[in-house]
Structures are given as structure tokens and as C-alpha cells.
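*Asks:* This is what each chain is made of:
Protein chains: 2
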Amino acid sequence: MTVQAKDDANPDVHRWEKLPQTTWAVLGLLSFGRPLTGYQLKKWADAILAFFYWSPAVSQIYSELRRLESMGLAESELVAGKETHQKRVYAITPAGREALTWWQAEVDVEPPMLKHTVALRVWLGHMADPSRLTGLLREHADRCTALATAADAAAEASESEPDFRFPAMVAEWAASYYRSEVRHAENLLSQVESLSASELGPRESSVGTAAPTGPDPVDP
Amino acid sequence: MTVQAKDDANPDVHRWEKLPQTTWAVLGLLSFGRPLTGYQLKKWADAILAFFYWSPAVSQIYSELRRLESMGLAESELVAGKETHQKRVYAITPAGREALTWWQAEVDVEPPMLKHTVALRVWLGHMADPSRLTGLLREHADRCTALATAADAAAEASESEPDFRFPAMVAEWAASYYRSEVRHAENLLSQVESLSASELGPRESSVGTAAPTGPDPVDP
DNA sequence: CGTTGCATGTAAGGTGTTACATGATTAC
DNA sequence: GTAATCATGTAACACCTTACATGCAACG
Numbered sequence: 088m089t090v091q092a093k094d095d096a097n098p099d100v101h102r103w104e105k106l107p108q109t110t111w112a113v114l115g116l117l118s119f120g121r122p123l124t125g126y127q128l129k130k131w132a133d134a135i136l137a138f139f140y141w142s143p144a145v146s147q148i149y150s151e152l153r154r155l156e157s158m159g160l161a162e163s164e165l166v167a168g169k170e171t172h173q174k175r176v177y178a179i180t181p182a183g184r185e186a187l188t189w190w191q192a193e194v195d196v197e198p199p200m201l202k203h204t205v206a207l208r209v210w211l212g213h214m215a216d217p218s219r220l221t222g223l224l225r226e227h228a229d230r231c232t233a234l235a236t237a238a239d240a241a242a243e244a245s246e247s248e249p250d251f252r253f254p255a256m257v258a259e260w261a262a263s264y265y266r267s268e269v270r271h272a273e274n275l276l277s278q279v280e281s282l283s284a285s286e287l288g289p290r291e292s293s294v295g296t297a298a299p300t301g302p303d304p305v306d307p
Numbered sequence: 088m089t090v091q092a093k094d095d096a097n098p099d100v101h102r103w104e105k106l107p108q109t110t111w112a113v114l115g116l117l118s119f120g121r122p123l124t125g126y127q128l129k130k131w132a133d134a135i136l137a138f139f140y141w142s143p144a145v146s147q148i149y150s151e152l153r154r155l156e157s158m159g160l161a162e163s164e165l166v167a168g169k170e171t172h173q174k175r176v177y178a179i180t181p182a183g184r185e186a187l188t189w190w191q192a193e194v195d196v197e198p199p200m201l202k203h204t205v206a207l208r209v210w211l212g213h214m215a216d217p218s219r220l221t222g223l224l225r226e227h228a229d230r231c232t233a234l235a236t237a238a239d240a241a242a243e244a245s246e247s248e249p250d251f252r253f254p255a256m257v258a259e260w261a262a263s264y265y266r267s268e269v270r271h272a273e274n275l276l277s278q279v280e281s282l283s284a285s286e287l288g289p290r291e292s293s294v295g296t297a298a299p300t301g302p303d304p305v306d307p
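Sequences listed follow chains A and B, in order. For what it's worth, our numbering labels the leading residue of the first sequence as 88, then goes sequentially. For what it's worth, our numbering labels the leading residue of the second sequence as 88, then goes sequentially.
It should be emphasised that the hints constitute simulated quantities derived from the structure, not laboratory data. Quick caveat, the model's predicted, so the values are computed rather than measured. Hints are supplied without guarantee of correctness; some may be wrong.
All copies of an identical chain are treated as equivalent in the list; a pair is satisfied when it fits inside any one copy or across any two copies.
Mimicking DSS-like on lysine-lysine, the simulated pairs with C-alpha atoms at most 30 Å apart in a straight line are [as the list claims (entries may be wrong)]:
no. : residue 1 : residue 2
1   : Lys-174   : Lys-130
2   : Lys-105   : Lys-130
3   : Lys-130   : Lys-202
4   : Lys-202   : Lys-105
Starting from the given sequences, assemble the full structure and let the hints guide the process.
*Replies:* Spelled out as C-alpha cells, the structure:
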């Protein structure tokens with residue numbers, strides 16, 4: 088009765104059913120077996136989870152931990168540092184492992200959520216100065232280059248560790264992802280440049296004054 | 088005094104400062120000049136915005152529209168259909184254009200937010216059956232292929248329209264993005280497969296029972 | 001004549017953020 | 001000794017979703 092992924096008769100399952108993704112992400116951090124404090128969890132989330140999943144605020148991590156403990160999926164121990172200064176170290180419980188395994192096997196994967204602020208700006212490029220757009224694309228590309236390098240470093244650090252094979256794989260995945268982002272951004276950048284170059288003559292945007300033209304946004 | 092992107096003396100600017108991205112996205116939909124109802128806006132958001140930005144719920148679109156109108160950035164007109172059945176059609180105002188231009192020029196771009204649920208599942212692959220992982224990666228790849236095709240169609244539909252050059256560019260960008268997603272997913276998929284194949288002999292996961300090993304998640 | 005689409009809106013509640021508050025420890 | 005880091009937590013609030021409620025229009 089250690090791990091029963093398919094046991095829908097498990098009376099706890101209905102309590103796990105509506106937990107948000109973030110809860111599972113935090114429990115997932117604990118599932119690597121290391122007891123950690125909320126503060127350490129936040130640092131780890133920033134360093135690794137942030138590559139592919141929004142890193143929650145510190146205060147939220149603490150409340151997630153309290154929730155996990157109240158549900159028996161994690162347990163905490165007070166560790167005294169020097170004098171009276173205590174810190175709370177959280178560890179996953181067997182029930183927590185069972186829950187995670189159940190989640191992996193049974194819970195549908197929600198569609199990935201993307202809020203690509205840079206694409207949004209370019210999409211509304213008719214309300215912006217072209218140089219502003221190229222600037223922000225350049226910035227984005229640079230940020231992604233840095234992230235790709237960081238992801239590579241993370242991948243290399245985990246590669247040799249047998250318990251970290253999946254994180255290593257995802258770190259490599261993240262590196263590819265961010266390098267693709269760079270390519271896509273640079274592609275957009277050159278398009279914006281050639282567009283603004285070709286419009287040096289016939290300036291004066293028609294959007295806003297012209298009658299509604301273009302593809303019907305409602306009924307394509 | 089039609090458009091003053093840099094006019095920080097504008098007394099309205101401080102009211103615009105903390106508007107969430109979603110508000111700008113909705114106002115952006117209106118900035119293409121077409122007066123639209125909340126319902127139409129939602130459909131458009133689902134069709135186009137969803138490629139690169141989370142499409143808000145219907146009810147939220149309505150409240151965003153009310154907020155935009157209360158701030159003078161959009162205005163609505165009641166249009167009577169047949170008998171007493173009215174619908175409210177929203178249009179951007181000059182102040183709305185001014186606000187959008189100011190936003191594009193002055194407001195910092197928030198970092199893109201990614202919640203890649205599939206990567207999260209693979210990252211926690213040690214708690215899952217390998218066949219489950221490959222299945223969900225396959226599903227993800229298929230979904231992305233469909234999205235890429237749809238983005239191509241959207242790009243082609245806007246390409247000829249001069250007012251929709253930026254949306255066309257972003258649609259092309261989205262097509263590339265989702266095709267990269269497919270490649271990355273398939274790459275991960277083959278890695279998961281080769282990993283599970285190589286572990287047919289020495290099974291029994293050590294994670295959870297072994298003492299904490301692997302890269303220090305806190306202090307790298 | 002019933003189902004699907006169009007169209008609008010309210011209410012409740014959860015998710016997640018920012019700001020604030022506190023204090024010990026470590027490093028320079 | 002003072003700055004940065006470690007460490008925890010509360011309170012307020014904004015964002016956003018789900019569920020619900022309503023009714024017309026159009027298609028078959």
C-alpha cells in the first residue's frame with residue numbers, strides 16, 4: 088500500500104482533486120527528498136522552476152507549505168539555530184508521495200499558459216514607435232540568451248546525478264526553448280526593421296481614421 | 088495635442104499607471120478601429136490573442152470594458168436588434184489611443200509569464216510512469232502542431248491587409264513558436280523513451296529512500 | 001421546436017501579489 | 001557596525017475564474 092496510482096477508492100483523492108498547480112509544484116520540489124525551509128524553497132524555485140514555471144511569491148510558498156502540512160502531504164520540524172531562533176524545515180510524507188504519483192497518473196494536464204508580453208507589444212505595433220519595438224525585442228533576446236546559458240549550467244550540474252535525470256532533461260529542454268526564443272525574437276526584429284524602412288515615404292498611419300478594413304476579426 | 092507619448096505631465100497618466108496587462112490587451116483589440124461587443128471581443132481573443140496571450144474569461148472582458156469606459160478610454164453605444172433586444176458596442180476613444188500609445192512608449196515590459204504544465208510533469212518524471220510522460224508529450228506536440236497550422240492561417244488572412252501587418256507578423260511568429268514547441272516536445276519524448284529503455288534492468292527508484300544526494304538545490 | 005449561437009451580466013470565491021513587520025545571522 | 005542574507009509571517013487587495021441566470025436569434 089505504498090503507492091497506488093490508480094486507486095480512485097482512496098478517500099483522500101477527492102481532497103487532492105482541486106489543488107492548484109502551484110501546490111503540486113511546491114510538493115514536487117519537496118519530492119526530491121531534501122527537507123527544506125520556505126526560504127530555500129523560494130530560492131530553488133527562482134533558480135530552476137522559473138525556467139518553465141512561474142515562480143510563486145515567498146508568502147505564497149509559505150501558505151502552500153502550511154496547506155500541504157494541514158493535508159498531511161508534508162510535515163515540518165522546528166530546527167533551533169543558536170538560541171531560540173527557529174526555522175521550520177519541511178519534508179514530504181509518504182502520503183505526499185502517494186498524492187504526487189496519483190496527480191501525475193490521473194490528473195489531466197492543463198494547457199500551458201503563456202502571457203507573452205513582448206508579442207503583445209509587437210502585435211500592437213501600430214501604436215508604438217518602431218525603435219521602441221526593436222529595442223524591446225533586443226532586450227528580450229538578450230534576456231533569453233542569459234536564461235539559455237543558465238539553463239545549460241543547471242543541466243550540466245544535474246546531469247551526473249541519477250536522481251536528477253528528469254530535471255536535467257527539462258533544463259536542456261529549457262535551454263533549447265530559450266534559444267528558440269532568441270531566434271524568433273531576432274526574426275521579428277528584422278521584420279520590424281524592414282517594415283519601418285519601407286514606410287519612410289508613405290508615413291502617417293491610417294489606422295484609426297480609415298474605415299474598418301482588413302480581415303474580419305469576428306467571422307473569419 | 089492628439090498623441091503625446093512622452094507627456095508625463097498629462098494628469099491622466101497616473102490613473103493609467105497600474106492597469107493590468109489584460110486591460111491593455113482588450114483596449115488593444117479595440118485599437119484596430121472596429122466597434123465590437125463583449126461577445127465578439129471574446130471570440131477574437133480566443134482566435135488570435137490566445138496564440139501568445141492567455142485569453143481572459145468572458146465575464147472579465149465585460150468588466151474590463153466597463154472599466155475602460157469609466158476611464159474614458161472606450162465608449163459604448165446601445166444598438167437595438169429587432170425589438171428591445173439591445174447589444175452594447177464598444178469603440179476606442181481618442182483618449183484610449185493616447186493611453187495605448189503612452190503605454191507602448193513608457194510602461195516597462197513585464198517579463199513574459201510561462202506556466203509550462205507539460206515541462207512541470209516531465210520535471211517530476213520520477214513520480215510518473217514513463218508511458219504517461221510520452222503520452223502527454225505526444226498530446227502536447229499534436230496540440231502545438233494544430234496551433235501552428237491555425238497561426239499560419241491567421242497570418243495568411245491578415246497578410247494583405249495594411250492595417251494588420253503587425254498582427255500578421257506576430258501570427259507568423261506564433262507559427263514558428265509552436266513548431267519549435269513540437270520539436271522540443273519530440274526531443275524530450277525520445278529522451279524519455281531511451282531513459283526508460285535503459286532502466287529496464289536496474290529498476291526500483293532510489294529517490295525518496297536514499298539520503299539527499301545530487302546537486303545542492305539551494306547553493307549551486 | 002429544440003439546440004446551438006449570440007449577448008450580457010452578477011455573485012462568490014480562490015489564486016497570487018505587494019506591502020508591511022520582525023528579527024537573527026553572516027560577511028565586510 | 002552596518003549591510004546583506006536568512007527566515008517567517010500577516011493583511012489587504014487585485015486579478016481572474018467558475019457557476020449561475022437570463023433571454024433573443026437562427027438553424028435544422
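*Asks:* Confirm or reject each hint.
*Replies:* Hints and how they fare:
1. In the homo-oligomer, the alpha carbons of Lys-174 and Lys-130 lie at most 30 Å apart inside one protomer (16 Å), although the nearest pairing across protomers, at 50 Å, exceeds that limit.
2. For a Cα distance limit of 30 Å, the shortest separation of Lys-105 from Lys-130 qualifies both inside one copy, at 26 Å, and across copies, at 28 Å.
3. Taking CA atoms no more than 30 Å apart as the test, Lys-130 paired with Lys-202 passes in both settings, with 23 Å inside one copy and 18 Å between copies.
4. In the homo-oligomer, the alpha carbons of Lys-202 and Lys-105 lie at most 30 Å apart both inside one protomer (23 Å) and across protomers (17 Å), since each shortest distance falls under that limit.
In summary, the structure agrees with every hint in the numbered list given earlier.
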